[in-house]
Amino acid sequence: MEFIRKRLKSLQYVFQGLFYLIKNEPPVMVHIVISLVWVILGFCFGITTNEWIVQLLCIAIVLSVEGLNTAVEKLCDFIHPDHHKTIGIIKDVAAGSVGFAVIPVSIVLCIIYYPYVMGLF
10 MEFIRKRLKS LQYVFQGLFY LIKNEPPVMV HIVISLVWVI LGFCFGITTN EWIVQLLCIA
70 IVLSVEGLNT AVEKLCDFIH PDHHKTIGII KDVAAGSVGF AVIPVSIVLC IIYYPYVMGL
130 F
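The sequence shown begins at 10 in the working numbering and counts up by one.
No lab work stands behind these hints, which were simulated from the structure alone. Any given hint might turn out to be false.
[Stated by the list, open to error] The calculated BS3-like cross-link candidates involving lysine-lysine, where the alpha carbons are at most 25 Å apart (straight line), are:
| # | residue 1 | residue 2 |
| --- | --- | --- |
| 1 | LYS32 | LYS100 |
| 2 | LYS83 | LYS18 |
| 3 | LYS18 | LYS32 |
| 4 | LYS83 | LYS32 |
| 5 | LYS94 | LYS83 |
| 6 | LYS100 | LYS83 |
[Unchecked claim] Here are the in silico distance ranges between beta carbons for each label pair:
| # | residue 1 | residue 2 | range |
| --- | --- | --- | --- |
| 7 | ILE112 | TRP61 | 20 to 28 Å |
| 8 | ILE120 | PRO90 | 18 to 26 Å |
| 9 | CYS119 | GLU82 | 26 to 34 Å |
| 10 | HIS92 | LYS15 | 35 to 43 Å |
| 11 | VAL117 | LEU20 | 14 to 22 Å |
| 12 | ARG14 | GLY105 | 24 to 32 Å |
We put the CB at the ideal spot given by N, CA and C, even for glycine.
Please put together the full structure from these sequences, using the hints given.
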């Protein structure tokens, strides 16, 4: 019973983190809106099961990296609230990691949808 209680408590922390990101981090909301557009496009074009799997993994990767970026930024602000060159570099690198996720994900999603869009013409 203790094992189940601890797992349920862990889920509570998961949802607290998700709701914090959604409520307080505008970049996360931007990524969620873009993700919803991709999901709607998936339904409109009737993408395959494998394409859905790839698309959902792409969405999960971007949202996860954005969450980690937020965690790094909050940790840096907590450790050193004043402006500091090294803290700035750490934050820039964390933000750059989001770019490392977004760029290839965008390419993959364009590859998925290219044949469907070309089929319209």
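Hints the structure fails to honour: 8, 11, 12
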